[in-house]
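Protein chains: 2
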Amino acid sequence: MDDILIFGHKNPDTDSICSSLVAEKIASNNGWKAKAVRLGNINKETQFILNYLGIDAPPLISKVEDGQSVILVDHNEFSQSVDNIENAKIEAVTDHHRIANFQTSEPLYYTAKPYGCTCTILYEEFKSYSYMKIEKKEAILMLSAIISDTLLFKSPTCTKHDKTAAEELAKIANIDINTYGLDLLKAGTDLSDFSPYELINIDSKDFVKNTFKFRIAQVNTACINDVLKNKDDIKLAISRSISANNLNLSILLITDIINSDSQAIVLGNDTSVFEQTYNIKLIDDMAFLKGVVSRKKQVAPLLLNNID
Amino acid sequence: MDDILIFGHKNPDTDSICSSLVAEKIASNNGWKAKAVRLGNINKETQFILNYLGIDAPPLISKVEDGQSVILVDHNEFSQSVDNIENAKIEAVTDHHRIANFQTSEPLYYTAKPYGCTCTILYEEFKSYSYMKIEKKEAILMLSAIISDTLLFKSPTCTKHDKTAAEELAKIANIDINTYGLDLLKAGTDLSDFSPYELINIDSKDFVKNTFKFRIAQVNTACINDVLKNKDDIKLAISRSISANNLNLSILLITDIINSDSQAIVLGNDTSVFEQTYNIKLIDDMAFLKGVVSRKKQVAPLLLNNID
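Each protein sequence line maps, in turn, to chains X and F. All residue numbers for the first sequence refer to my numbering, where the first residue is 2 and numbers rise by one. All residue numbers for the second sequence refer to my numbering, where the first residue is 2 and numbers rise by one.
Pulled out of the complex, with its shape left as it was, chain X reads as follows (with noise of 0.2 Å):
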């Protein structure tokens, strides 16, 4: 059998990467045979960590053996996880969002707490070890990522947990989180290059409950009309994906990080649950949320809660 392999969620986000990263190197420490690999692209945001650090992103798959040990990072969601997932066999779950379609046949490590990032649940798991030292190596991936999951902590999912490790790691990274903080999330919402199919799959997420799937897309920009002027052509492609994955709904989320609100293009047979949820009408498939920037948190509770 292979190593144990460890992965965040499809569409890996920055924090998906930094995570089996970090998690690699503690397993490592602990004297796992384990190794760090990625279910997706590397988008903007998180090459600009990698090329800060000279470092490869972690090998692609696309699924699993049966048996496979896995450890599973910033995520649980089979609908979220690796082909073949079902047939694994799930050593461990570091995770901070809501569990949900996730079940093993034996008793597993599972941390989960409701803080903004999950390599600030690394970080602390990281400092009870008393012989493990934080390098800079690491400490500026778990910067990295807990800046980017909480938009440099101003959206609502930021903890004071999140804050306090994000400062201590910048002390060990000896860089300042600020000026570091704003180059990285502006390299994260540079768009230009994406074809509209790219765009609606730079960070999205698929969630079930009962027999309703729907699926969430977020991108992160300083303008949402420059994101706004393909319009047409984002819409045709929700709509594709609507049908080639049997999907009742589904949300693009245009979040401005400078003002901390969001544009959502919302499709699909069951838009009344947006607007129900909401409480607002759909205007041209569109809606502007004030003050929504976070999926977890703003919107998709808010939607599970509604579905029947």
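Simulated from the structure, these hints should not be mistaken for laboratory data. Quantities reported herein were computed from a predicted structural model and do not represent experimental measurements. Treat the hints with care, as some may be off.
[Said to hold, decoys possible] Mimicking SDA-like on lysine to any residue, the simulated pairs with C-alpha atoms at most 25 Å apart in a straight line are:
no.: 1; chain 1: F; residue 1: 134; chain 2: X; residue 2: 132
no.: 2; chain 1: F; residue 1: 164; chain 2: X; residue 2: 30
no.: 3; chain 1: F; residue 1: 214; chain 2: F; residue 2: 233
no.: 4; chain 1: X; residue 1: 210; chain 2: F; residue 2: 233
no.: 5; chain 1: F; residue 1: 34; chain 2: X; residue 2: 157
no.: 6; chain 1: X; residue 1: 26; chain 2: X; residue 2: 137
no.: 7; chain 1: X; residue 1: 164; chain 2: F; residue 2: 107
no.: 8; chain 1: X; residue 1: 298; chain 2: F; residue 2: 86
no.: 9; chain 1: F; residue 1: 90; chain 2: X; residue 2: 280
no.: 10; chain 1: X; residue 1: 128; chain 2: F; residue 2: 132
no.: 11; chain 1: F; residue 1: 36; chain 2: F; residue 2: 137
[Said to hold, decoys possible] Just some of the chain X residues that point at chain F, by a computed CB distance under 8 Å:
no.: 12; residue: 98
no.: 13; residue: 99
no.: 14; residue: 100
no.: 15; residue: 104
no.: 16; residue: 105
no.: 17; residue: 109
no.: 18; residue: 111
no.: 19; residue: 113
no.: 20; residue: 115
no.: 21; residue: 129
no.: 22; residue: 236
no.: 23; residue: 302
Using N, Cα and C, we set each Cβ at its ideal position, and we do this for glycine too.
Please build the complex by placing chain F on the supplied structure of chain X, with the hints as guidance.
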């Protein structure tokens, strides 16, 4: 809203009761308003501990209100939890079982480790807070649960973490593990005044996979034949519970804690699943399982893997 309620599984065993009391202490030390409750009668083994400490059992509850905040210990499967758990707000879980039929709409604290006992996980949590000191009362609660769940370290579920925790807790409690442990286990094997109906409900857990529903009950004894004197009445009680609960399969494990074997009484329409799993033929609805003492490690996952 009431305080946060902390409880173990239905038909609480020693670990469920001790974990809820210890988790109440940790929560209170951390400034949470939380109180331990229980979902069923106290068994004789647990009563021995409560008497030893001179403390009362946590209050009994049977259901929770919509939106009630809860902390689950020693279980996660909704079928083993309080009535209306689906509509409670689960704030945290500390557990050492597989995860299944569990879900939330929001992120939460979840700590699972594949240890022999939930109290070993709580012990490690206690130690992780540098500002908390383990008092004698909590040391005895945790030590007792570890002795109970690992059958004095003889169960295959016992890990080095359980052993280490028990040794350190015995020092704090100033207790000889073997003397106290045998007294404790012996208290739990006094089945003399249980009716057959009560016997099969002392420590019973339901499992569901797809549409297949089965139950595994377990009693500890120093002499299997003593229990089998009432075999026919026990079988009748099991048959009635199968009809009343629409079970495909119901198993009573009568576990010999001296020799570490179990006699299984197996009834239901789908006993073939059991026979296939252990590659044996039931005789008079019974099978002797040499070396089997752990429902969690040696029975439940094997059956679950054999159900389509």
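Okay, the hints, checked on the actual structure:
1. F:134 - X:132: Since the Cα atoms of residue 134 of chain F and residue 132 of chain X sit roughly 22 Å apart, the hinted pair holds (cutoff 25 Å).
2. F:164 - X:30: 23 Å, holds
3. F:214 - F:233: 24 Å, holds
4. X:210 - F:233: Distance ~45 Å between residue 210 of chain X and residue 233 of chain F Cα, so the pair is violated.
5. F:34 - X:157: Holds. Residue 34 of chain F to residue 157 of chain X sits at ~24 Å (cutoff 25 Å).
6. X:26 - X:137: 12 Å, holds
7. X:164 - F:107: 21 Å, holds
8. X:298 - F:86: 22 Å, holds
9. F:90 - X:280: 24 Å, holds
10. X:128 - F:132: Answer holds: residue 128 of chain X to residue 132 of chain F is near 16 Å, not above 25 Å.
11. F:36 - F:137: Since the Cα atoms of residue 36 of chain F and residue 137 of chain F sit roughly 20 Å apart, the hinted pair holds (cutoff 25 Å).
12. 98: 6 Å, holds
13. 99: 5 Å, holds
14. 100: Given a least distance of 6 Å, the restraint on residue 100 of chain X holds.
15. 104: Interface hint status for residue 104 of chain X: holds (4 Å vs cutoff 8 Å).
16. 105: Holds. Min distance 5 Å.
17. 109: 6 Å, holds
18. 111: Residue 111 of chain X check passes; min Cβ-Cβ to chain F is 4 Å, inside 8 Å.
19. 113: 4 Å, holds
20. 115: 4 Å, holds
21. 129: 6 Å, holds
22. 236: Since the shortest Cβ distance to chain F is 29 Å, the answer is violated.
23. 302: 5 Å, holds
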